[in-house]
Amino acid sequence: MPFRQFLSWLQNLFGSRQSFSLGLYGNVNAGKSTLANRISKDWSGEEMSTVSEVPHETREVIKKERLAVRVDGKILTMNLLDMPGIATKVDYRDFIKRGMKLPDAQKRAKEATKGIIEAIKWLEHVDAAMLVMDACEDPYTQVNITILGNLEARKIPVIIVANKIDKKNAKADRIRAAFPQHPLVEISALKGDNMDQLYRAIAQYAKG
Amino acid sequence: MGIEIQFIAAEKLKDKTPPQKVAFILDQVKKSKNRILVIEGSLSSTDEKELIAKTMGEVNKNFPGIEVASLGEQSSTLKTQLIKLLGGKSSGLTVVGPSTLVKQIKRDPDKLSLLTGK
Chain E
1195 MPFRQFLSWL
1205 QNLFGSRQSF
1215 SLGLYGNVNA
1225 GKSTLANRIS
1235 KDWSGEEMST
1245 VSEVPHETRE
1255 VIKKERLAVR
1265 VDGKILTMNL
1275 LDMPGIATKV
1285 DYRDFIKRGM
1295 KLPDAQKRAK
1305 EATKGIIEAI
1315 KWLEHVDAAM
1325 LVMDACEDPY
1335 TQVNITILGN
1345 LEARKIPVII
1355 VANKIDKKNA
1365 KADRIRAAFP
1375 QHPLVEISAL
1385 KGDNMDQLYR
1395 AIAQYAKG
Chain Z
107 MGIEIQFIAA
117 EKLKDKTPPQ
127 KVAFILDQVK
137 KSKNRILVIE
147 GSLSSTDEKE
157 LIAKTMGEVN
167 KNFPGIEVAS
177 LGEQSSTLKT
187 QLIKLLGGKS
197 SGLTVVGPST
207 LVKQIKRDPD
217 KLSLLTGK
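Sequences listed follow chains E and Z, in order. For the first sequence, my numbering gives the first residue as 1195, with consecutive numbering after it. For the second sequence, my numbering gives the first residue as 107, with consecutive numbering after it.
In silico lysine-lysine, DSS-like type, Cα no more than 25 angstroms apart, as pairs: (1) Z:Lys139 with Z:Lys209; (2) E:Lys1315 with Z:Lys122; (3) E:Lys1308 with Z:Lys167; (4) Z:Lys160 with E:Lys1308; (5) E:Lys1308 with Z:Lys136; (6) Z:Lys167 with Z:Lys136; (7) Z:Lys120 with Z:Lys160; (8) Z:Lys136 with Z:Lys209; (9) Z:Lys212 with E:Lys1362; (10) E:Lys1304 with Z:Lys167; (11) Z:Lys137 with Z:Lys160; (12) E:Lys1304 with E:Lys1257; (13) E:Lys1304 with Z:Lys209; (14) E:Lys1301 with Z:Lys136; (15) Z:Lys209 with E:Lys1301; (16) Z:Lys209 with E:Lys1365; (17) Z:Lys209 with E:Lys1291; (18) E:Lys1308 with Z:Lys139; (19) E:Lys1301 with Z:Lys160; (20) Z:Lys167 with E:Lys1291; (21) Z:Lys209 with E:Lys1308; (22) E:Lys1295 with Z:Lys167; (23) Z:Lys139 with E:Lys1304; (24) E:Lys1365 with Z:Lys217; (25) Z:Lys167 with E:Lys1301; (26) Z:Lys212 with E:Lys1291; (27) Z:Lys137 with E:Lys1304; (28) E:Lys1291 with Z:Lys139; (29) Z:Lys127 with E:Lys1308; (30) Z:Lys160 with E:Lys1304; (31) E:Lys1315 with Z:Lys136; (32) E:Lys1361 with Z:Lys212; (33) E:Lys1295 with Z:Lys209; (34) E:Lys1315 with Z:Lys160; (35) Z:Lys136 with E:Lys1304.
Rather than coming from a laboratory, the hints here were simulated on the basis of the structure. Computed from a prediction, not measured in an experiment: that's the story for all the values here.
I would like the entire structure built from these sequences, with the hints used as guidance.
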């Protein structure tokens, strides 16, 4: 987009931008909100999202603005955006199977579809993205491929986050082999493993 | 009832704008609960994004969504543009079906496997 390029050129001309928006994208239940909470708690002392085993817990974009992250003595100021998980289907019956009542399940499904549309719209507005993948799952999902394709088309920097490496059946190498064109960091957002590596990657790749 | 597999030539979509293309695909998928579309050519990542967004806008109790997967080159590169300019066809295919029928599409880099069931 010419305006975006012009803005980027201006920012480069007058020094790096004051803050940047970093979107957390991925399939449903990849651990985006757990990661958002980990980052937010590390740098502001408080969590920002609600986490649940039930899919589509995050049904609207949750923002933590002007989060100051210190990496190797430098401070990055970012607006962290916890996106609803993207899916190609939302079936209220899946929520009923998880014990929800019919009206609640239908409401959750409706909100989830709106959240997915909102997350998709944000693909055009983030400055950088972390694509969070569950290292125990097959990385070749259409959602991952579509998200990456759209970010690549807009030349938006992407860090792939192989999450849940604390689990026995985690296979981060499978993700690395699937998407070798992007930097990858293996973490456990739940346990806090390798978060320093992730912050360095954000400083190196996401901060334009 | 059996499964209907509908093959759609790239020619059918080539003059459509991205919203028209997405509307056509979704319309075809929703017309029958037993229909799987196999489209010649891969959808661009923008088309896929629009398809997911439009699908989400149409989800209801009878239509919970789709399963979709594309194989082949998704970005418009100089090579693919040149092939089209010379009258050739770019490679790839796209499979789309209602999620009530297509339970899962497993992808290898060069292979798609569909798991269907009611």
